[in-house]
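Participant: Listed below, chain by chain, are the residues.
Protein chains: 2
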Amino acid sequence: MSVTAAEGFTAAGVAAGLKSAAPDGARPRDVALVLNHGPDKHAAAVFTTNRVAAAPVLWSQQVISDGRADAVVLNSGGANACTGAPGFADTHQTAEYVAEKLQATGAEVSAGDVLVCSTGLIGERLDMPALLGGVASAVTELNPDDAAGQRAAQAIMTTDSVMKISSASGAEFTVGGMAKGAGMLAPGMATMLSVVTTDAVIAQADLDAALREAVRLSFNRADSDGCMSTNDTVIAMASGAHPQADPSGVDLAEFQAALNQVCQDLAAQLIADAEGAHHEIAISTVNAATEEQAETASRSVARSNLFKTAIFGQDPNWGRILSAVGTTDVDFDPSTIDVAVNGVWVCRAGGIGDERSLVDLSGRHVKVVIDLKSGGAEATILTNDLTHDYVHENSAYST
Amino acid sequence: MSVTAAEGFTAAGVAAGLKSAAPDGARPRDVALVLNHGPDKHAAAVFTTNRVAAAPVLWSQQVISDGRADAVVLNSGGANACTGAPGFADTHQTAEYVAEKLQATGAEVSAGDVLVCSTGLIGERLDMPALLGGVASAVTELNPDDAAGQRAAQAIMTTDSVMKISSASGAEFTVGGMAKGAGMLAPGMATMLSVVTTDAVIAQADLDAALREAVRLSFNRADSDGCMSTNDTVIAMASGAHPQADPSGVDLAEFQAALNQVCQDLAAQLIADAEGAHHEIAISTVNAATEEQAETASRSVARSNLFKTAIFGQDPNWGRILSAVGTTDVDFDPSTIDVAVNGVWVCRAGGIGDERSLVDLSGRHVKVVIDLKSGGAEATILTNDLTHDYVHENSAYST
Chain A
1 MSVTAAEGFT AAGVAAGLKS AAPDGARPRD VALVLNHGPD KHAAAVFTTN
51 RVAAAPVLWS QQVISDGRAD AVVLNSGGAN ACTGAPGFAD THQTAEYVAE
101 KLQATGAEVS AGDVLVCSTG LIGERLDMPA LLGGVASAVT ELNPDDAAGQ
151 RAAQAIMTTD SVMKISSASG AEFTVGGMAK GAGMLAPGMA TMLSVVTTDA
201 VIAQADLDAA LREAVRLSFN RADSDGCMST NDTVIAMASG AHPQADPSGV
251 DLAEFQAALN QVCQDLAAQL IADAEGAHHE IAISTVNAAT EEQAETASRS
301 VARSNLFKTA IFGQDPNWGR ILSAVGTTDV DFDPSTIDVA VNGVWVCRAG
351 GIGDERSLVD LSGRHVKVVI DLKSGGAEAT ILTNDLTHDY VHENSAYST
Chain B
1 MSVTAAEGFT AAGVAAGLKS AAPDGARPRD VALVLNHGPD KHAAAVFTTN
51 RVAAAPVLWS QQVISDGRAD AVVLNSGGAN ACTGAPGFAD THQTAEYVAE
101 KLQATGAEVS AGDVLVCSTG LIGERLDMPA LLGGVASAVT ELNPDDAAGQ
151 RAAQAIMTTD SVMKISSASG AEFTVGGMAK GAGMLAPGMA TMLSVVTTDA
201 VIAQADLDAA LREAVRLSFN RADSDGCMST NDTVIAMASG AHPQADPSGV
251 DLAEFQAALN QVCQDLAAQL IADAEGAHHE IAISTVNAAT EEQAETASRS
301 VARSNLFKTA IFGQDPNWGR ILSAVGTTDV DFDPSTIDVA VNGVWVCRAG
351 GIGDERSLVD LSGRHVKVVI DLKSGGAEAT ILTNDLTHDY VHENSAYST
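Sequence lines, in order, name chains A and B.
Read in order, the letters of the first sequence are residues 1 to 399 in the UniProt record's numbering.
Read in order, the letters of the second sequence are residues 1 to 399 in the UniProt record's numbering.
Just chain A, with the same shape it has in the complex (with noise of 0.2 Å):
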């Protein structure tokens, strides 16, 4: 179940060539809408923090300002990052004619409530009649059905082998959301992009800080290859619609569980779905002093292109997780460390440890774990391993 589990949204995924046809001539879907019928048109985004940020987020982030969002409308098949000007008038005219469109049919939609998500090549100008074109016909195939949530997710897919969406339920409400990219094929040109919706009475200030928790322990945990997207952003809308909803508000314990599993469930999709990636990695840091400082250890390896090739080729190297710890100011005696790989501690206090021809890294799934005992608190950083494909993928992307 995708965008559409929750009660007062439709979606719609439509080909409108801004990607290129398939050898069979098969055109993918590459233009996404999800309307919000509310009665409430509560949203909050979060945005990546890149200061190259590409035309449809600083049109977004203005958008969203008031708190509040009608629909929103993503391509895929061009990022609209570095284009200028130039690039922000598209964006801004793909927000009108989603307005303009959605008005002829009714609906209650202004401009200024039309959020805009873009992911593809960057520095390169949409096709924008393509984009247009896709509009249209994508406000024609509006449905509240679930297949249409998934022509939704798979109209946002770029480099990505099959959609993510994911749904959870309260008594009171449902999420339901839909991902895209990251992996490590491409970020950088890929983007992390998801849509979340939600059924729930809810108000938008908690709403907001409900999304920024679940991205905190989801999307910002999932550290590809260290590369920052221009573009990516994540949407949470809340329509209010759930036919049992409490008019006096959600649960909001109930109501962030269950955005913390979707979250973190399209998440671990993301992470899985790196086709480049032979080994999905989780990179735990216990006993740390604080949950920041177990974060950062755990980042710190997930980064270090010498471990990531190690365990591409099945090497429980440890030396490169200690040295790639020993980076960090986190609190650690590097006498005392213990690091174990999928089960077997290769590494007790700083040294040599259990015998690491023990270590069996031949699935797909890599646990590492990192004692600090330095405190009680932990993280875990979800990675892939660094491969011939990857370089492949990212060197053959563009050109």
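Because the hints were derived from the structure by calculation, they are not lab data.
Bear in mind that the values here come from a model prediction, so they are computed numbers and not experimental data.
Heads up, the beta-carbon is just placed ideally off N, CA and C, and yes, glycines get one too.
Each hint can be trusted.
Far from chain B, by Cβ distances over 12 Å, these chain A residues were calculated:
id: 1; residue: 20
id: 2; residue: 280
id: 3; residue: 358
id: 4; residue: 365
So, partial list: chain A residues that the calculated Cβ filter (under 8 Å) puts toward chain B:
id: 5; residue: 82
id: 6; residue: 323
id: 7; residue: 325
id: 8; residue: 349
id: 9; residue: 387
With a cut-off of at most 20 Å between alpha-carbon atoms, the simulated SDA-like pairs for lysine to any residue come out as follows:
id: 10; chain 1: A; residue 1: 101; chain 2: A; residue 2: 15
id: 11; chain 1: B; residue 1: 101; chain 2: B; residue 2: 128
id: 12; chain 1: A; residue 1: 373; chain 2: B; residue 2: 51
id: 13; chain 1: A; residue 1: 373; chain 2: B; residue 2: 84
id: 14; chain 1: B; residue 1: 373; chain 2: A; residue 2: 51
id: 15; chain 1: B; residue 1: 373; chain 2: A; residue 2: 84
id: 16; chain 1: B; residue 1: 367; chain 2: B; residue 2: 338
id: 17; chain 1: B; residue 1: 101; chain 2: B; residue 2: 132
id: 18; chain 1: A; residue 1: 367; chain 2: A; residue 2: 272
id: 19; chain 1: B; residue 1: 101; chain 2: B; residue 2: 112
id: 20; chain 1: B; residue 1: 101; chain 2: B; residue 2: 89
Keeping the supplied structure of chain A fixed, place chain B upon it in accordance with the hints.
Facilitator: Quick look at chain B alone, frame taken from chain A:
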């Protein structure tokens, strides 16, 4: 000319059996010794800032603390990192043995003035009988001629395909140096080691300051894969033995320039010898607010796997350059930044610039210029592309 270019130094490089024999049975050199005969024994050193520092780093930090060193012993074939107290004892024993053997030849050397450097795989103990045998043999082969200096440079090679040596002279001094490693093949295990000698008459504090400035402008601006070794060490030793030396001290500006030249030459040789690399890339940031900001911007690009794979694919993907600069906090306006790749300004004012097909990336040398338009400072970082050979070498190394 290597470390024996300067008067007052002898060197040796011998095969001790720490490294595997070549297919034809030839034993590669793997133990080097450099002895300062004085009259001065001034020394300075810069070490890795990795908190997981190898035993020889911990030892040498103690040795250098009084600003005096009599000799340096270096081995390849093992890093002696993450080896705990037994590894430290091995280093200590090595220094004691060097001093003992040198004393037997009449040299005035104490173990507490013997620097130790090691390079090779992390997390394994050294073969001490082999190493000590190499030390004994190296002591008998110490020689002031150029060939001996070159043998020392050969003995510290790991994945290096050629030795790295350099020298420069002034009216009253000569500077000679050798280096190994980094390169992109496996800096996390290969380590960057360098020993620079001079016969200048120079106060220890001046030598220390000159070395730190030279390292800042050379080795610290060669960033192959962003990984920091547990063993990186750069050592400078001054004998004051130049026949025309002014007893009141060398011209410090002239000495600094020569030392910078030698260190920059060695750093460039390290980047040039990254066998896995197909391109040597110089990333210059110009018109930055400060030199530090210029370095930060260039280094962020040098560490982007997406940029490095694009160059491997001969793709002047300037969007990935902007995206990397956008993750920093340096002063720049995304709407005015310009980027040139091999002389073609592919990005102007943050958007599409001159025709990218004009960029010729078929050669080995790549020059990126990032114009921040925020001031008058500049800095250049040297790096390599990310290739299939990098993945291959680093995934296959220890298994």
